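Asks: With chain A's structure known, arrange chain B on it following the hints.
Here is what each chain is made of, one letter per residue.
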Amino acid sequence: MATVRIPTPLRSLCGGEAEVDVAGATVAEVLKNLEDAHPGFAERIYDETGRLRRFVNVYVGEEDIRFGDGLDTSVDDGQVVSIVPAVAGG
Amino acid sequence: MTTFRELLSRTKSEIDEIDFEEGERRLNNDPQTLWVDIREADEYENGAIPGAHHIPRGFLELRIENVVPAKDTPLVLYCAGGTRSAFGAKSLRELGYTDVVSLTPGFNGWKDKGGKFTIPRILTPEQKRRYHRHLLMPEVGETGQMKLLDSSVLLLGAGGLGSPAALYLAAAGVGRIGIVDFDIVDTSNLQRQILHNEARVGELKVESAKQTLQGINPDIEVEAHAVRLSSANVMDLFADYDVIVDGCDNFPTRYLTNDASVLLDKPVVHGSIFRFEGQVSVFWPGKGPCYRCLYVQPPPPDLAPSCAEAGVLGVLPGIIGSIQALEAIKVLLGIGDPLVGKLLTFDALEMSFRTLKLRRDPECPACGDASQVELVDYDEYCIAPNMKPKDADAKGLHAQAEEALGA
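From first to last, the protein sequence lines are chains A and B. The first sequence begins at 1 in my numbering and counts up one residue at a time. The second sequence begins at 1 in my numbering and counts up one residue at a time.
For reference, chain A alone in the conformation it holds in the complex:
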């Protein structure tokens, strides 16, 4: 099981939870299982070509998956996967 950290703008999709525990050995699997459990995440995180949107980043632990294996980045049991969108408010 991995723990997915949900950013505030997306918490309405999972009943307001800040963290959701999801199974999966890679980021793609974790996000697929997140979508199955709480539909609506995929269209907000991915663009129409199935890539991560360019203002949303995903981290496994402290590391940005773009500098690892992207969506194939492996996720160990108990690791935290964070979805971090750009925020503009000030």
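Please note: incorrect hints may appear among the correct ones.
[Claimed, not checked] Derived pair list, reagent style DMTMM-like, types lysine to aspartate or glutamate, alpha-carbon separation capped at 20 Å: (1) Lys287/B with Asp242/B; (2) Lys357/B with Glu63/A; (3) Lys128/B with Glu142/B; (4) Lys342/B with Glu62/A; (5) Lys357/B with Asp72/A; (6) Lys342/B with Glu63/A; (7) Lys357/B with Glu62/A; (8) Lys116/B with Asp30/B; (9) Lys71/B with Asp99/B; (10) Lys12/B with Glu61/B; (11) Lys128/B with Glu221/B; (12) Lys342/B with Glu363/B; (13) Lys12/B with Glu94/B; (14) Lys90/B with Glu40/B; (15) Lys147/B with Glu126/B; (16) Lys113/B with Glu22/B; (17) Lys287/B with Glu63/A; (18) Lys128/B with Asp219/B; (19) Lys266/B with Asp240/B; (20) Lys357/B with Asp76/A; (21) Lys147/B with Asp219/B; (22) Lys357/B with Asp69/A; (23) Lys113/B with Glu17/B; (24) Lys32/A with Glu48/A.
[Unchecked claim] Computed footprint of chain B on chain A; a stretch qualifies when at least three of its residues, placed anywhere within it, have a C-beta under 8 Å from a C-beta of chain B: (25) 6 to 17; (26) 49 to 55; (27) 58 to 67; (28) 82 to 90.
If you are wondering where the hints come from, they were derived from the structure by calculation, not from laboratory data. Note that the structure is predicted; figures quoted are calculated from it, not measured. From the three backbone atoms N, C-alpha and C, an ideal C-beta is built for every residue, glycine too.
Replies: The following block gives chain B in isolation, referenced to the frame of chain A:
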């Protein structure tokens, strides 16, 4: 009973002294050596050896370990004639300093023989009182405080983040603070924008900010820029300041800020907030990633609702803006580890801070190896909904955006 002469001569026999020639050699060729001027303030103010730390004899034992923590640091002590520095050197040896010498015949002889000296810049008595708590810390001290007084920060936005950031930077004695904001104070701002108050509703935010900041610290200059940041003015505005504190409330300005800062090599202390969450980072071109390395492109407006639409807890910008002020001061003083290559995220409901690693993207359109930055005003693409143009393209984008994040 020991006489003074006997005490002095015994002390001198127990320490090492260096003469003018050796002093000059060390000053010119030995940057490891730390010079300590132990004369009284009025003597020091009339001229001192360049780079010397000033610790009056009466405070030497009390303060030396703060100023010079490493006991094997090579130290040259000097006073006016070599007597006080002899006693000082003996005392420092007793404190465990292993490489201490006394300069004879002191500053007066040094000056007579043509040794280098400068008239040190000093804080006024009023400044010493005002910044006293800074002066007590060796990481700031009088040198650091003068650095702050000589430095300048440009704040983007006199709003939720800009308010606490500006208050703390002004109080800390950052010598010149510029504020860019074209907005006016509205009652709904007062829930969090602590620069302003009830009586200033309807006034320009920059003028209200200036009044508040000068009320806290008349020792600094505040420059009000009541303009909208655009590709036409951003370069001139940024060029005039050391550090940019980005507390604006929209993506167009954030991307414009990033791209201009990359062109000008200016560090940007970035802060952003949404409801109960905040992000802080320091984007310092040449030293770490930039904002576009993190988020390549701005989202369409409805993918990222503003505080005006989504709401924000009033205290949240107080925390994030204060961290921005702290990071700006660290950058200006060159102390500690600023959040370069790190994104600090804060969740107020959990009361948790997390740090994520950021990396430079070699293919970044702004700071990448092959990139050529062109300043773009994103207004037509990404603008606050209440200012949205009514043309068909914008409507199309709006509809597209509604299908995705945050709609």
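Asks: Take a quick look at whether Lys342/B and Glu62/A sit within 20 Å of each other, Cα to Cα.
Replies: holds, 9 Å
Asks: Between Lys357/B and Asp72/A, does the CA-CA distance stay at or below 20 Å?
Replies: holds, 19 Å
Asks: Is Lys287/B within 20 Å of Glu63/A, Cα to Cα?
Replies: Within the cut-off at roughly 19 Å; holds.
Asks: Can you confirm whether chain B covers the region 49 to 55 of chain A, using C-beta to C-beta distances below 8 Å and requiring at least three such residues?
Replies: holds (count 3)
Asks: Is Lys357/B within 20 Å of Glu63/A, Cα to Cα?
Replies: Given pair Lys357/B, Glu63/A holds - Cα atoms ~6 Å apart, limit 20 Å.
Asks: Checking one constraint from the list: CA of Lys128/B to CA of Glu142/B, max 20 Å. Satisfied?
Replies: Between Lys128/B and Glu142/B the Cα gap is close to 8 Å, so the pair holds against 20 Å.
Asks: Taking only the CA atoms, is the gap from Lys147/B to Asp219/B under or equal to 20 Å?
Replies: holds, 14 Å
Asks: For the pair we were handed, Lys357/B and Asp76/A, check the Cα-Cα distance against 20 Å.
Replies: Roughly 18 Å between the alpha carbons, so the hint for Lys357/B and Asp76/A holds.
Asks: Within 20 Å, alpha carbon to alpha carbon, are Lys90/B and Glu40/B?
Replies: Roughly 19 Å separates the two Cα atoms, so the pair holds.
Asks: Does Lys357/B pair with Glu62/A here, judged by a C-alpha cut-off of 20 Å?
Replies: holds, 5 Å
Asks: Could you grab the alpha-carbon distance between Lys357/B and Asp69/A and see if it respects the 20 Å cut-off?
Replies: holds, 16 Å
Asks: Holds or violated: Lys71/B with Asp99/B, Cα cutoff 20 Å?
Replies: holds, 8 Å
Every hint, counting from the list given before, is met by this structure.
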